[in-house]
Each structure stands twice: as C-alpha cells, then as structure tokens.
Amino acid sequence: MIKTFSFAILHFSVAFSIAYLLTGSILIGGLMALIEPAINTVVFYFHERAWNHHHAHAATAEADEHEWAYAA
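Under our numbering, the first residue of the sequence shown carries the number 44, and numbering increases by one thereafter.
A couple of the hints might just be wrong.
[Claimed, not checked] Quick list of simulated restraints, FRET-style, between CB atoms:
#	residue 1	residue 2	range
1	Val85	Val57	15 to 23 Å
2	Ile78	Ser49	31 to 39 Å
3	Gly67	His98	40 to 48 Å
4	Ser56	Phe89	32 to 40 Å
I should point out that these hints are in silico values taken from the structure, not numbers from a laboratory. Predicted model, so just to flag it, every value in this text is computed and none were measured. Ideal placement from N, C-alpha and C gives every residue a C-beta, glycine not left out.
Required output: the full structure, derived from the provided sequences and hints.
Printed below as a string of structure tokens:
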C-alpha cells in the first residue's frame, strides 16, 4: 500500500509540474493534478476490459486453429 501511495504522490506531482510549467498557473496545475489521474483511472479500466476481451478472443481463435491442425 505504501508503494501505491508513493506512486500516487509521484503521479500528482508530475501532472502538477507539467501543467504549471506550461501555463504558469498554480490553479491550473492543481486542477490538472486532480483531473488527469482521475480520468486516467477511468480510461485504464476500459483499457483493461478491451485488453482482456482481445486476449479471450485470441485464445479462442488459437484453440480453433489447433483443432483443425490435429483433425487432418
């Protein structure tokens, strides 16, 4: 859990630093430090679902391919 917390601090710090350097605004930097990780978390959830879906279909296709190879 400590590793997760330290990574979150790092992620917020990077988001804030980049936004602050690009805009010069502490407010925008702070907003970006909160918004970007929140959106990233939602996007990661859907990415994982798509990734798992792809692997499930790839495994099924591979299994079908092997059945035909041994049927001949």
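Results for each hint:
Hint check: valine 85 to valine 57, Cβ distance near 19 Å, so the stated range 15 to 23 Å holds. Between isoleucine 78 and serine 49 the beta carbon distance is about 21 Å. The supplied range of 31 to 39 Å is therefore violated. Checked against the hint of 40 to 48 Å, the C-beta distance between glycine 67 and histidine 98 comes to roughly 44 Å, which is consistent with it. The hinted range of 32 to 40 Å is not satisfied by serine 56 and phenylalanine 89, whose Cβ atoms lie roughly 25 Å apart.
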